[in-house]
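Chemist: With the hints as extra help, turn the sequences into a complete structure.
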Amino acid sequence: MTAAIDYGSFNDRGSLEDNDTHSSSSRPSSSAALTYISIGSAIFASILLFLSPSTTHQLPLLKMMAQQTTTDNNLIPDPSAYPHRLFIKRTNTTIPILGFPSVALARLSDPTQQPLANRAVHHAVEDLQIGYFDVAPEYGDGVAQERLGPALKPYRDNVFLAAKTMFRTEEGSRQDLENTLRALQTDHLDLYQFHSISTQDDVNEILGPNGAMKTFQKAKAEGKIRAIGFSAHSEPMAIQMIQSGLVDTCMFPINFVSYHYGGVGQGVLDAALANGVGVIALKSGARGRLTTQSGDAVHVPQQFHHIPEWKRQEMIHYPVVTSPKYYTWYEPEDDPVELNKLVLWALNQKGVTAVLPPGTMDLLDGISDMVRGKGEVPVLSEEDVEGMKRRYEGMDIVPIFHNWSMSGTKVST
38 MTAAIDYGSF NDRGSLEDND THSSSSRPSS SAALTYISIG SAIFASILLF LSPSTTHQLP
98 LLKMMAQQTT TDNNLIPDPS AYPHRLFIKR TNTTIPILGF PSVALARLSD PTQQPLANRA
158 VHHAVEDLQI GYFDVAPEYG DGVAQERLGP ALKPYRDNVF LAAKTMFRTE EGSRQDLENT
218 LRALQTDHLD LYQFHSISTQ DDVNEILGPN GAMKTFQKAK AEGKIRAIGF SAHSEPMAIQ
278 MIQSGLVDTC MFPINFVSYH YGGVGQGVLD AALANGVGVI ALKSGARGRL TTQSGDAVHV
338 PQQFHHIPEW KRQEMIHYPV VTSPKYYTWY EPEDDPVELN KLVLWALNQK GVTAVLPPGT
398 MDLLDGISDM VRGKGEVPVL SEEDVEGMKR RYEGMDIVPI FHNWSMSGTK VST
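Residues 38 to 450 in the numbering used here are what the sequence shown lists, from first letter to last.
Bear in mind the hints are in silico, worked out from the structure with no lab data behind them.
Remember, predicted model here, so these are calculated numbers, not experimental data.
Ideal Cβ positions, reconstructed from N, Cα and C, are used throughout, including at glycine.
Some clues are possibly wrong.
[To be verified] For lysine to any residue, the following SDA-like pairs were computed, each having C-alpha atoms within a straight-line distance of at most 25 Å:
#, residue 1, residue 2
1, 362, 346
2, 362, 347
3, 257, 216
4, 126, 413
5, 261, 304
6, 348, 242
7, 190, 242
8, 261, 273
9, 387, 439
10, 251, 206
11, 362, 387
12, 362, 372
13, 126, 227
14, 190, 146
15, 387, 375
16, 126, 375
17, 387, 416
18, 190, 206
19, 251, 282
20, 362, 434
21, 387, 430
22, 126, 254
23, 251, 218
24, 190, 257
25, 426, 410
26, 251, 280
[Unchecked claim] If you anchor each label on the Cβ, the simulated ranges turn out as follows:
#, residue 1, residue 2, range
27, 147, 329, 42 to 50 Å
28, 427, 307, 38 to 46 Å
29, 416, 209, 39 to 47 Å
30, 254, 310, 21 to 29 Å
31, 123, 416, 16 to 24 Å
32, 147, 190, 16 to 24 Å
33, 129, 422, 30 to 38 Å
34, 346, 427, 40 to 48 Å
35, 336, 238, 19 to 27 Å
36, 346, 282, 46 to 54 Å
37, 434, 304, 40 to 48 Å
Modeler: Here you go:
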């Protein structure tokens, strides 16, 4: 039986509210509070936020949050809150269809902002019942994982935790893994992923004699990671990784506009289905790329702590801009009903296991409301899909990812 569709709407039930109950009807507006951790899901955006100094008007909010850090460790995410789908075929592992975008914590660069991270995770786990978390050291140049570790610690045994590395070499990825385990305050990751594969050089180096795959395989044998995956933007590179037989999972942009107008997505889904690889849909809530007129330029610093030099150089040669409002490096869908349709469209694609929503806490509740408590994923009608096509055909949009040129892959998750 097909589940009924309720696209829902945006609301102010974020993770940073000043209230002592979890009743949605009694919650005051938190849109101002959410601004401080509302960021995009791109490395560029998260790095930019990391470099931005904390503003003085955050202090009252921090003081408020310091009074709301009590956590009932007996509460865990309800495993039946969301539909589950098979993710890691080798171990028959399933995960819920909605993950937590930990990149949203990258703005909290000041350690005194840890209570904000605690509250955000508390809200995600105990109010929204989310049990899948994804993070990367590139988000905020280490900030996101440093904030997520303490916040997630009370729930660690009850959630699926995934992380990534941008390092392609055996030695670089080994050090990065150890740093991530320390920051996340855990002795293992349920999934470890090669981050942002875009070129043939990426694939060759990872799978080469001194490549990062060696680190991954050794860590898996030692029990430090349970599964191996990757994220990618280039469809040919993603297919190569899938067909290598060495990975369990793939993160790839399954985005309505990129799929229909950029030629990106179906090849990856076909390869994943043929090879038993689980797929996480990235960037499902994006319309398209920002322009130099509509976005803010990203400053690239002289040095990073958690990002390899080759990536810094790539950021220089393939510059992007970020949204002044959302801190995303793409133009997000700002209509709440249409945003939920985009997310639902991604979940409707055969082969998709789950989605990571936009990296901003103020959009998470609306998406969660659409699918939480459902026995199965609601199905979009043909009329819905045709309406979406008409909507985006009428807009002057460059797909967030496309197969037209190399620049179509040169952005980061």
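Chemist: Among all the numbered hints in the text so far, which are the ones the structure does not match?
Modeler: Hints 1, 2, 5, 7, 8, 11, 16, 18, 25, 27, 28, 36, 37 contradicted; others consistent.
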